[in-house]
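Asker: Residue numbers (the working numbering), protein chains in the order written: chain A, 92 to 199; chain B, 15 to 127.
Do not rely on the hints blindly, as some may be mistaken.
Claimed, not checked - List time: in silico SDA-like cross-link candidates among lysine to any residue, alpha-carbon distance up to 25 angstroms:
#1 A/94 <-> A/198
#2 A/160 <-> B/55
#3 A/94 <-> B/102
#4 B/44 <-> B/85
#5 B/66 <-> A/183
Said to hold, decoys possible - A few chain A residues facing chain B, derived, Cβ under 10 angstroms:
#6 125
#7 127
#8 132
#9 133
#10 135
#11 136
#12 140
#13 154
#14 156
#15 165
#16 167
#17 178
#18 186
#19 189
#20 190
#21 191
Read the hints as simulated data drawn from the structure, not as lab findings.
Even glycine gets a Cβ: it sits at the ideal position worked out from N, Cα and C.
Spelled out from the first residue to the last, the chains are:
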Amino acid sequence: DAKTTQPPSMDCAEGRAANLPCNHSTISGNEYVYWYRQIHSQGPQYIIHGLKNNETNEMASLIITEDRKSSTLILPHATLRDTAVYYCIARNGSRLTFGEGTQLTVNP
Amino acid sequence: DAGVTQSPTHLIKTRGQQVTLRCSPISGHKSVSWYQQVLGQGPQFIFQYYEKEERGRGNFPDRFSARQFPNYSSELNVNALLLGDSALYLCASSLVRGGTGYTFGSGTRLTVV
């Protein structure tokens with residue numbers, strides 16, 4: 092799986108959009124971009140994934156650049172419960188290769 | 015519906031001992047994967063089992079072994095425990111091998127003293 096790079100930490104005000112960036116410049120054509128998050132002391136939770144097109148579900152939106160070298164996870168209206176570590180993964184096979192992720196802190 | 019269940023939730027063992035961790039996947043899920051998460055780091059892949067056969071193995075020593083049972087539940091065994099084996103051990107299940115969304119359990123916190 093391609094290596095991904097994320098900022099170690101970010102802050103966001105409650106109710107505002109949280110935009111979490113991820114670089115995956117060596118991603119190959121058949122690797123999907125996956126996002127998981129992990130709230131303290133719990134297992135990682137699947138958020139969203141995509142290959143080329145932008146994706147949206149009830150939790151978040153995923154914007155993938157045209158060259159697929161980077162992506163952004165958008166939480167449209169962050170709440171305090173969105174405080175977590177967010178992992179961006181470029182996945183090819185059946186295993187998930189986690190990096191260190193971004194600690195998102197949503198402030199009141 | 016029950017999610018992925020892991021037992022025990024917490025465990026304290028002494029160096030040199032052996033430990034068995036258990037995982038029950040979501041009903042109908044046939045693939046189970048194990049991950050180790052050391053404090054402050056992301057989870058690291060240990061094993062994947064699908065249809066009771068090992069389908070992938072991460073960079074872990076032979077002290078780590080696992081198996082999957084006919085009901086698709088799984089056990090992770092670690093022999094000759096080291097202090098460095100202290101971690102959160104996570105189990106994830108999916109419908110099929112390489113399925114789009116893995117569902118993780120809350121993990122077993124193992125402390126080796």
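Asker: With reference to the structure, classify each hint as holding or not holding.
Answerer: To see whether the hints hold, each was checked on the structure:
no. : hint           : in the structure
1   : A/94 <-> A/198 : violated, 30 angstroms
2   : A/160 <-> B/55 : holds, 24 angstroms
3   : A/94 <-> B/102 : holds, 23 angstroms
4   : B/44 <-> B/85  : holds, 9 angstroms
5   : B/66 <-> A/183 : holds, 22 angstroms
6   : 125            : holds, 9 angstroms
7   : 127            : holds, 8 angstroms
8   : 132            : holds, 8 angstroms
9   : 133            : holds, 5 angstroms
10  : 135            : holds, 5 angstroms
11  : 136            : holds, 7 angstroms
12  : 140            : holds, 6 angstroms
13  : 154            : violated, 19 angstroms
14  : 156            : violated, 22 angstroms
15  : 165            : violated, 19 angstroms
16  : 167            : violated, 21 angstroms
17  : 178            : holds, 6 angstroms
18  : 186            : holds, 4 angstroms
19  : 189            : holds, 3 angstroms
20  : 190            : holds, 6 angstroms
21  : 191            : holds, 6 angstroms
The earlier numbered hints that this structure contradicts are 1, 13, 14, 15, 16.
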